[in-house]
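Protein chains in written order, with this note's numbering: chain A, 1 to 514; chain B, 515 to 1028; chain C, 1029 to 1663; chain D, 1664 to 1761.
In case anyone wonders, no lab produced these hints; they're calculated from the structure. Quick reminder that beta carbons are idealized off the backbone N, C-alpha and C, glycines included. Keep in mind that the hints are not guaranteed to be accurate.
Subject to a maximum C-alpha distance of 30 Å in a straight line, what follows is the list of computed DSSO-like cross-link-like pairs (lysine-lysine) [said to hold, decoys possible]:
1) K973/B x K963/B
2) K537/B x K395/A
3) K1211/C x K887/B
Output of the computed footprint for chain A on chain D, the stretches with three or more beta carbons under 8 Å from beta carbons of chain A [as the list claims (entries may be wrong)]:
4) 1694-1702
5) 1748-1761
Per the computed footprint, the stretches of chain B lying under chain A, defined by three or more beta-carbons under 8 Å from a beta-carbon of chain A, are [unchecked claim]:
6) 680-692
7) 715-721
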Amino acid sequence: MNQIEPPVIEYAQVAPLLVVFGAAVLGVVVEAFAPRYLRKAIHMPLTLLSLAGAFVLTVWQATQSPHNAAAMGAIAVDGPTLFVWGTILVLAVVSVLLISDEDHFVGQASALPGSAEEEESITARAAHTEVYPLVLFAVGGMLLFPASNDLLIMFVALEVMSLPLYLLCGLARRRRLLSQEAAMKYFLLGAFSSAFFLFGTALLYGVAGTVEFRGIAEALTRVGGMDTLLLAGTATLGVGLLFKIGAAPFQAWKPDVYQGAPTPVTALMASGTLVAAFGGLLRVFWVALGGLEWDWKPVLWGVAILTMLVGAILAITQTDIKRMLAYSSIAHAGFLLVGVVAVGDAEQNREALTGLLFYLVAYGIATVGAFAVVTLVRDAGGEANHLSRWAGLGKRAPLLAGVFALFLLAFAGIPLTSGFLGKYAIFAAAGGADAWPLVIVAVIASAVAAFFYVRVIVLMFFSDPAADGPTIAVPTVSTSIVVALAAAATVVLGVIPEPVLNLASIAAESLFVR
Amino acid sequence: MPWLSTLMAVPAVGAVAVAAVPKRNETLAKQLTFAVSLVVLALAAVMAAQFNPGGDRLQFTETYSWIPSFGIHFALGVDGVALVLILLSALLVPIVVLASWNEAAGTPEAPAKRSVKTYFALILVLEAMMIGVFAATDVFLFYVFFEAMLIPMYFMIGSYGGAQRSYAAVKFLLYSLLGGLLMLVAVIGLYVIAGKNTFLHTELIGAITDPGVQRWLFLGFFIAFAIKAPLVPFHTWLPDSAAQAPAGAAVLLVGVLDKVGTYGMLRFCLELFPDASRFFTPLVITLAVIGIIYGAIVAIGQTDIKRLIAYTSISHFGFIAMGVFAMTTTAGAGATLYMVNHGFATGALFLVAGFLIQRRGSQYISDYGGVQKVTPVLAGSFLFACLAGTAVPGLATFVSEFTVLIGTFQNRTYLVAAVIATFGVVLSAIYMLWLYQRVAGGPPSEGVKSLGELNGREKWVMAPLIAVILALGVYPKPLFDVINPSVTQTLSIAGVTQDPEPTLNVAVQRGAGQ
Amino acid sequence: MQPAEIITETGGVIGASWLMIALPAVGAAILLLFGRLTDRWGHLLGTAMSLASFAVAVLAFVELLGFDEAERRRQVMLYDFLPAGSFHVEMGLLIDPLSISFALLITGVGSLIHIYSIGYMAHDEKRRKFFAYLNLFVAAMLVLVLADNYLGLYIGWEGVGLASYLLIGFWQHKPSAATAAKKAFVVNRVGDFGLALGIFTIFTTFGTVAYKDVLANAGAAEQVTLTVIGLLLLLGACGKSAQLPLQSWLLDAMEGPTPVSALIHAATMVTAGVYLITRSGAIYEGAPTAQLVVTIVGAATLIAGAIIGCAKDDIKKALAGSTMSQIGYMVLAAGLGPIGYAFAIAHLIAHGFFKAAMFLGAGSVMHAMNDEVDMRRYGGLRTVMPITFATFGLGYLAIIGIPPLSGWFTKDSIIEAAMHVSPVLGWVAVIGAGITGFYMSRVMFMTFFGEKRWASDAHPHESPKVMTWPLILLSVGSVLGGGLLIAGGTFAEFLRPAVGAPEEPLAFHPVSVPGIVTIVLVLAGAAYAWTKYAKSPVPEVAPRGSFLTTFARRDLYGDALNESLFMRPGQWLTRLAVFFDNRGVDGIVNGLAAAIGGTSGRLRRIQTGFVRSYALSVFLGAAAVVGALLAVGSF
Amino acid sequence: MTTHYLVLSALLFAIGAIGVLVRRNAIVVFMCVELMLNACNLAFVTFARQHGNLDGQIIAFFVMVVAAAEVVVGLAIIVTMFRTRRSASVDDANLLKN
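Only chain A is shown next, with the shape it has when bound in the complex:
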């Protein structure tokens, strides 16, 4: 009779995960037992502290070496993971600060828009404090996703990350119909794509006999790149991942969801989810399917080019600020993909990874900042998202407009902003991998993209303010902190990027453990 030896789990290494998930569960308990009026008072510190604690643990982990695969090789706690964790946690904290302004969330999701009960829910200043545990679960998923070292964990992480977000999308206080529609679209398409992900997993399992990345990587050396199952699996798996980062032709959901979702949630998705998704994407393609490089590289080239162009070109004619930012995030996903295909020898990979990590930080923070500003430009019907309403903002609120312009310039990649160095790092890596055509397309896309960023600046500063222009909401302390932080980070990363770059390259040193 053979007894099953108990699994070994390095709790220290997965501590950040445990903290976040633990806090999430605790949050649910709070929802269950704490009186309504107390809930927020409990949730806020709980959420922020857990995230902060997780961050501290991550930093502490970073100082511990060597990093390796934890929990029976299911979770890889290596340099990139830790860096991505740090990034996600920071972005999560910032996003939570935005979310804490509950004016964004519906009092009672089940109430019909415009119905009596909604009225009373508003008058009662009811709020869905479930938001906080949901966010924590989502963040937990985001942390697990890039760390997961086998496809099953990754699938679970994917769902843990996505399901709460589906719900959060539907909780906007105003424009409920749009919000619900966004949730529905995100949910159906997300489920659809995860089905592809799962199918790919199945096929790869069929090829390798295991879903562990290590095993798959080894299997590749046996079967080689000619196996149809293998290629089909890679492709469908890739579809699931590319959907999450919103690469063309899987980008369709992004503008609708970003527009419909409550802006703080959009901020979280646009920053945290993107970072997590790229972490996972890198792990799958570089670690598990690294041996298949020569097969998937050309395909990703195509996807990258398509994504950059679609994002940049479609954004030009957008009239809704959030939609525009969604397309801009598609374009940036394209730029990041350029870094993903810039693989080569170990040194080259390190450079590419460094660039990617830096880019993710720079872009994530700027994005949260941008959406934070969006939450502040409001009129009677809530946020004033139509671009025409932003005309002359520079005159009415010079500081706010200036900061937003800063974020836009960072997106456009103007020197002395974080965005520029991010772009540079990625393009340089691509150049190092001799992907010059890709670089050329990338810069052309950047030039096109620059147009709509510049256009917003023109609107804000050079055109006359609309007669009944939007009012600038007095930012809550938390929101102002977010904006200030993001702005500062954008400038600092643009002028003295060395510390972060250093961290990134150290993180990239170990590359990915297998």
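Guided by the hints, dock chains B, C and D onto chain A, whose structure is given.
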């Protein structure tokens, strides 16, 4: 003492200070700006006095590591060429400040969108960057300034320009940005292919040997510079920007910013890619000559004073580019001096035109006539500027134009080019004098009768310009002494060891100096 | 024999000869800089400066005579002007017989005209500016003739062009004046274009532009090169000296105040071309073809100018025509080589005197007839303005070449020299002289003889002393000048060190076949003019006249030609270019932007908003990715 | 012999995908997604059999759990949609477009 970084720091700090001035107290902001610019001028003068033409190639060098991960240094240093251009900027800025004293207030039909102090703060920011771009000896640092310079100018045009300002500003920014991004690709290529892990210009000289590669990189740099300079056919942004920008901004734009293009050709194209430069020279010379004639002809046909001046500048930039690529020390030195003189001459033209336009409230030549009868001094200064524009002997512009032409002629290969270019001298007489005739000649037209004479401030704006143009026209030697060695070095790097010998060299035979 | 060596001068008056230029330059600077402050005494300062400059010239001249012939070419180094790469020019002055004679003429006649202008411009509120420009001109002209290198010459060359532009357009409020000024400058620029190219070629050939080195080594250069240089310089000369085909500007230039016409467009500036050709003698002697072209241009112009002169009713334009023609003589002479140089310059000086006298005379007349220039409104003025009549008359006799006035000496020597080289040229010159006899008499008689045809409000009166004295002095010069210069070949001898001399110098024969023929033709012309304009009444409106007359009136259709050949195509080209720039070049730029925008607008419709179509895109995308990967894998 | 199972699973997956594309009712669309997941499960167990290890079977259980979670979330969203719009048709929800 770190001269160059001081030169940059002073205006930068000054800009912050000016921006900090309370909004109501505009005069203080202006005075502060003026004071700062004077300090910069003084510093620059002292520095120039310490420059030793016979000494090292680069002087006042400073090198600090900026982004080690990318091998980027904050490296400054000037040779003769950079020095004179820095002097040009330092001298023009106070003049522009003085000239723009009441301009930022905006014209009746196009009221300025933003505070006056911002305008002056922007001027100082721009000055810091202009000095930086000429002083940078690190290719990446140069690029950073090259791109960052666009932003303040973008706001100056967009916020304080004429009726079409947004269109002009966007066109200006996107056009330059596109060029800049192409250059970014070349910069990356330079870094990757040279594989020296440094951007220090001196290190990179001779680093690229493969002529094929050189050509691609050359194109990357050259197109950016050709857009900046601007050479036909990349010129159409200039007339719009110059016509819409307030006179002061126009002076800095055409007088200094565009010089970065021709300076870059001399400093980067020739030195980093000598073979490619020689390969492309015929093309460049052709473009330049086309630009000279074409710009002049189109200028003749303009109906808007500022557009006309812009086109004359396009013609003049043709001369400069031709001189740079004529590959003789004579033409090179001439071209460099041309950059300086053109700054002053066009500056004078734009400023006087600005005075006229401010008084008459119209940019259309047809709205003028008989000005010299009403305001002799204003008309006199205008005439002087026009004469400088058509390179009349005794004025600085003549020296440089003649030198460029004779230097190009010297290179037998481009004899025809030189001959055609020389015909530009005739055309310049037509566009300048016809402009003067239509504006100042004939009986005073309605609306001109009431124009006021130059006031004290405006006289003080013109006086230094006129003085400099005259002085450099009669005694250009000091500048040549500084320029000659640098140009000779540049050309020797580009593989031009000595100018073509005259068919029978009397000078040598007789040993006479001339 | 060859010109003498150039010696570098250190001290003496010649050493300080830069003052000649500096003084008027400073004058101009002061007058322009201090503006209205100097209105009261500005004209005096200007005149003083010009006179001072003249004084320096005289002293320099005297000092120069002090040296023996071989040492009369003295170079004064001023400063290191333009060290650009291998193009290195040190600015200096070359004081030699040639340049000093010009300097004397310029400053001398210039000063007289300054004095005259005090009176002539007395009522112009911008008189101060006028004197500033005059001083500027004198300075520039002196740079032109005194510079010791071609760059210096070019600077002076364009400088006088500028001064002439300013002075022709002095009355800017008259559109005609503004246009004429611009035209003058532009046409001159065409000439300068040639001159510049000539200098470029000189530099690429000799590696320097200093006379000292260039002229001494001209012989060593290939003939082709020299021919090219010669022709290019000639183009410059044509521009400045209003020779065919660049003559058109001179007649319009009469829009300027009369003293300007006298100083710049008769006495000095327009003769710069002659100076250039003479100065570059060494080059032309190496290029016979170029010389031939020079003589042809000269001959053609002297006839053309004469014909134009016959038909003009505007007194100044008539005189301008004659100026063209007279300069034609000089150019012709200069084209003949060493044999002609001395005569060219002699005629130039003499012409400087008598033409100035006549222009100022004309000015005086206009002054009296409240700026009426149409000779058909003159007549019988000899009684009311005796001094003007006398001085003008002397000038007239001189120009038509009545012995023993200066014109007779100088022109006849030119004719003889021409004969000596080629009879054809000689006879052309003779015929030209005949026509001169006619048209100058025409001017003379229409103005001072015949019945009065004055406008009702005209009250002619003699001009003030300040205007008449210069007239008297100038007329004296025009009477004696020629004799002093030509008789006994003194001037030729004086110039020899500067321009060289033929092996057997041409002695002056008072009586010669061409000489006799010339006199006869001249008298015939004069007589015909007498019958036509003094005896018979002159219609106050010009008769339509024969084709030849209209042809002459229209300046031989020079302007018509320029218009149809250059101006109209030019305007057309300009319009085309502007259109091309806006629609073509800029059109592409904007079109590209529009295209991208359009694509965007069309593409965004794909985002239908139906979740099922999104799912479809995902599905198709997945299919595509799978297909692509399989395709790639199967390679 | 396992290939038949694989073909079947592929067919089921395809049917599910097509269903998502063609059906309007949100519930049905969602059920089609579930069908796709189950197709994957079939593939997993087949491969587990093929490789003779249990991973596949275990994964299948995981998938079921996840699917269940998805149902919860999904139904919640669809029901709110239905309450506000009085229709479960996915085509009625297209305010967000272009």
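Here is what the structure says about each hint:
| no. | hint | in the structure |
| --- | --- | --- |
| 1 | K973/B x K963/B | holds (20 Å) |
| 2 | K537/B x K395/A | holds (13 Å) |
| 3 | K1211/C x K887/B | holds (21 Å) |
| 4 | 1694-1702 | holds (count 4) |
| 5 | 1748-1761 | holds (count 7) |
| 6 | 680-692 | holds (count 7) |
| 7 | 715-721 | violated (count 0) |
In this structure, the one hint that does not hold is number 7.
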